[in-house]
Amino acid sequence: MLVHQETQGLFLVLYQVQYRLKMINLSVRDTEQEKDLRIAWQYKKYFGEHQQNFEYQRNGKPEYCNDFDLRKPLERHFLSGQCIDCISLQDSPNLATLNDRCSTFLAQLPRCDGNVMCAGRIAIQSFCAPQCEYSNMDWNMLSFIRSLKGMIRSSNAVAILTFPPSVVSSSFSKRLQHLADTLLSVRAIPDEDKELAKLLTGYQDMVGLLNLHKVARINTQVPVILEATTFSIKLLKRRSLVLECLNQAPVDASSGTSYATSGSCSGSSKTGTLDF
Amino acid sequence: MAESICRALRDGALDGEHAPALTIKDSIDSPFGPDVFNHILTQVSANILAGKSQSRGLVLVAFSRSPSFYHNLLKSRGHDVSSSHNWLRVLDCYTDPLGWKDRLIERGSITNLSPETSVTVNLCKDVRNLDNLFSSILELGKGLVGQRKNRFSVAIDSVTEMLRHASISAVASLLSNLRSHDQVSCEFWLLHSDLHEIRATAVLEYMSSMLATIEPMTRPPTNGQIGNSENLSLLDQNSKRGKLHVRFKRRNGRVRLMCEEFCVEQSGIKFTSISSEDGLITQSLVPKVQFNLQLSEKERVDRAKVVLPFEHQGNGKSIQIYDGRRSLDESTTEIKSVSAEKLQTNEDSGKGEIIYYRDSDDEMPDSDEDPDDDLDI
Amino acid sequence: MDRSSNLLDEALGLDDYQTKSSSVASGRVVLIEDCVETSGAFVLHHLIKRSLTPHSSGIVIFVAFAQPFSHYDRVLRKMGCNLVVQRDNKRFLFFDMLTLECPDGDGGKTNEGGLLELYGKIHEAVEICALSEDNRNCITIMIDDISLMEVAANGSSNHVLDFLHYCYTLTTQFGCLLVSLNHEDIYSSMEGPTLILQMEYLADIMIKAEPLATGLATDVHGQLTILNQGISDGLGNSRNKLRNFHFKVKENSVDYFYPGTRG
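Chains as they are written, first to last, in UniProt numbering: chain Y, 1 to 276; chain Z, 1 to 377; chain U, 1 to 263.
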């Protein structure tokens, strides 16, 4: 799932340890020697002995897509001509290196009025993962995110970050949530749950739930009140990722009526609580 | 009772004794500590000015409000601040507690523009150094009252601020040294209890002879939104009124507990007495043991029926209670020592008997009565 | 020129247009508390606009940790206030703290130093503004937001409190209004004394933005609770008044209304 290039900001995705969305993925191996590096949906295939160089570009125009098959490797031509940088977080004692790398990357994409030809994306997976040395340095992590946010604001880029709130303090989690412009959370669906199967249509295809907590409000003070904030994550025909709206639309508080949509979801439509 | 506190502060210390020390303690649910502090401050000032108190002057250590605030406060309460240099010194720990402004002035970034006030102010630029703070307080006090036997009072408007910059033991040491100084008449300070660890509050309570705790009329629940109607009405109720619980450590070692209600108005704070809560206080004092120390009504009646061994039993004479008016001669002729087991009913037997007169009606256990109070020396 | 008053202005004591200054009574400290679900930033925007009305000579010193100038500019523009012009006229002083260098946790000195510098800049700006008689008592210092200042200070909340205390002294010395925003839900799960509790003690006026108990709604974005504690200065200010009402945020203004009164 790629990001619309006009939005800028910091996405924050919370996820539960048992389940991860294979979306944008950063390699865990540092491949600094390679000039043309890879980002891949199934990264294992592209590192180690499978590294290759490609200069292919179709019709000279970069192509974007939001339709992908999670089971297949990404077509090579989508990777060509792209500048992709991969950094391992596991071995760094602190975040200074990451900060510098992001800084260099973003320096190539300064903000300018007019047509945006090229948008940058920074994706960080499992930011507070306990196996990383810096993971117990709360303030360092917050400083880095704040610094990243500042850099992003002044460049044509967007950053998406995932972190497990269960391994950090509630207070730290809240701080990160406030730092985010857009805030999402994902939850797993229990397996073989007959009750849920009765309650949710298409339960068989569901792999998780996605909650939308906050949407970026840059240059405006008006909050976004969405019709739906809970989505089911479905894998249709074992190939396509689909997000389907689940909960009821927000109530019109003054008149007292409510808008009902099809499909109900028990207990998960309460915005603001993060069930983990 | 606020009055009793002010009296105790006014009377001050006896020779060789620690000066009375008052802790005013509040919390965010009832943040009226500053109001109570200001009230006490005004009363103490009034007593000093009227010459009624032991202390001749007041050293005010200002952490959380500016000296000009106190200048205005005293003025609004009718005190003559123009003559305050005779009896008041303010140690200003508010304007530049860490010397930041000093450093900026040196660099030329800012200029010094302290507001003018007719109150004599000494600026403290490093509140972390408690030794210096202590010496400054003493110096100011001695400067006010002279070197001899004259005493001065010390007021600290926020020990909470002081504790942000120094450890609890250093602060306790300063307060204790002030208390034991023979020129200090009394001390009082304000503390926000929920901004400290429990131990810090306990230490300060230990150091004081009087503890005034400010509590809300009704305690709000700790969780839940502030915006729901129940919480709002509670907040509203608590927004002007509250309760003041005072604990006095008396010289005789006993502790007196009192409670008052207060209401904060524009002109200050007003205290009103509360319907007696002494019963509640007494019950909480009685140690919780496995034995039931209280008597039910039936038990009380049954006990009244029990005849004590030496009292007269049904021979026509009513049980007499000694009321202290019979002469000693009359009573002694009737009392002869005799064996405790046998009670002779035959008055004419000529044998010895014990005639027992109770000196008063049944006394409740643990009564507040201090037998020494009856002494008329 | 928007002369209409609303519930928020009333609660803050801004509805009396007879007074010379259109800012909240001088020397006050205002704390805005919000949470992830309901942002309180609109209160800041409202106060900026109020302080920069053409028929007053108020100055706003804005310390921004959360958003860049462009964001506030665009928001206020829709509300009818041009921050670029105000900045050029020296009525809106913007301190961009977004990219304030974060020291790598090497000790207290650096943190204190950074905040001392910031305080120095603010004090200097206030002094310059206060030189002109018109501007006295109309200076507003705004901080957006305190939790990010904590991050910039590497978690040293004591230094942040020292900084706030010094800004507080500016309110007494120059009659400024100090407005700061902090996120209440960050501290609500913490045990013991918290930074926000200290700020609550310091504040004369507390404005709390919360979601409705009933959850999300399209025409009511949340509720505001305003506690005006005042200080015992013996003056007849609106003391210890508690108000609660709902709000809906729009691009050019915010509607405030009591629950159930919305037509």
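The hints are simulated quantities; they were obtained by calculation from the structure and are not laboratory data.
Treat each hint with caution, since some may be false.
Residues from chain U shown here face chain Z by an in silico Cβ test under 7 Å; the list is partial [to be verified]: (1) G113; (2) E127; (3) I128; (4) T172; (5) G175; (6) L242.
Over the 10 Å line for every Cβ pair with chain U, so calculated as not near, a few chain Z residues [unchecked claim]: (7) P31; (8) K125; (9) L130; (10) A172; (11) D236; (12) R251.
Straight-line C-alpha distance at most 25 Å; calculated DSS-like pairs for lysine-lysine [what the hints assert, rightly or not]: (13) U:K241 <-> U:K78; (14) Y:K237 <-> Y:K198; (15) Z:K142 <-> Z:K125; (16) Z:K243 <-> U:K241; (17) Y:K194 <-> Y:K149; (18) Z:K125 <-> U:K49; (19) U:K49 <-> U:K250; (20) Y:K234 <-> Y:K198; (21) Z:K240 <-> U:K241; (22) U:K78 <-> U:K49; (23) Z:K142 <-> Z:K52; (24) U:K241 <-> Z:K270.
Built from N, CA and C at the ideal position, the CB exists for glycine as well.
Structure-based check of each hint:
Taking 7 Å as the C-beta contact cut-off toward chain Z, the hint placing G113 of chain U at the interface is violated, the least distance being around 10 Å. Nearest Cβ of chain Z to the Cβ of E127 of chain U: about 6 Å, under the 7 Å cut. The hint holds. A distance limit of 7 Å between C-beta atoms decides the matter here; for I128 of chain U the minimum to chain Z is near 10 Å, and the interface restraint is violated. Of the supplied interface hints, the one on T172 of chain U holds, with its beta-carbon coming within about 4 Å of a beta-carbon of chain Z, less than 7 Å.
Because the beta carbon of G175 of chain U sits about 10 Å from the nearest beta carbon in chain Z, more than 7 Å, this interface hint is broken. Nearest Cβ of chain Z to the Cβ of L242 of chain U: about 5 Å, under the 7 Å cut. The hint holds. Distance to chain U contradicts P31 of chain Z as a non-interface residue, since its nearest Cβ pair spans about 6 Å, not more than 10 Å. Non-interface status of K125 of chain Z relative to chain U is upheld: no Cβ of that chain comes within 10 Å, the nearest being about 13 Å off.
With a least beta-carbon separation of about 17 Å from chain U, L130 of chain Z lies farther than 10 Å from that chain, consistent with its non-interface assignment. Distance to chain U confirms A172 of chain Z as a non-interface residue, since its nearest Cβ pair spans about 18 Å, more than 10 Å. Look at D236 of chain Z: its CB is around 5 Å from the nearest CB on chain U, not clear of 10 Å, so calling it non-interface is violated. The claim that R251 of chain Z lies off the interface holds: its Cβ sits roughly 33 Å from the closest Cβ of chain U, which is beyond the 10 Å cut-off.
Taking the CA atoms of K241 of chain U and K78 of chain U, the gap is near 32 Å; set against the 25 Å cutoff, the hint is violated. Annotation: proposed proximity of K237 of chain Y to K198 of chain Y holds, straight-line Cα distance about 21 Å (limit 25 Å). With a C-alpha separation of about 21 Å, the suggested pairing of K142 of chain Z with K125 of chain Z holds against the 25 Å cut-off. In summary, the hint linking K243 of chain Z to K241 of chain U is supported, as the alpha carbons are separated by about 19 Å, within the 25 Å threshold.
Taking the CA atoms of K194 of chain Y and K149 of chain Y, the gap is near 44 Å; set against the 25 Å cutoff, the hint is violated. Between K125 of chain Z and K49 of chain U, the direct Cα distance comes to roughly 37 Å. Violation of the 25 Å bound is thereby established for this hinted pair. Our distance criterion of 25 Å between C-alpha atoms is met by K49 of chain U and K250 of chain U, whose separation comes to about 15 Å. The straight-line distance between the Cα atoms of K234 of chain Y and K198 of chain Y is roughly 16 Å, inside the 25 Å bound, and the hint therefore holds.
For the hint pairing K240 of chain Z with K241 of chain U, the CA-to-CA distance comes to about 9 Å; that is within 25 Å, so the pair holds. A distance of roughly 11 Å separates the Cα atoms of K78 of chain U and K49 of chain U; the hinted pair therefore holds under the 25 Å criterion. Distance hint between K142 of chain Z and K52 of chain Z is fulfilled; the C-alpha atoms sit about 19 Å from each other, no more than 25 Å. At most 25 Å may separate the alpha-carbon atoms for a hinted pair to count; K241 of chain U and K270 of chain Z meet this at roughly 18 Å.
The structure fails hints 1, 3, 5, 7, 11, 13, 17 and 18 (numbered hints given earlier, in ascending order).
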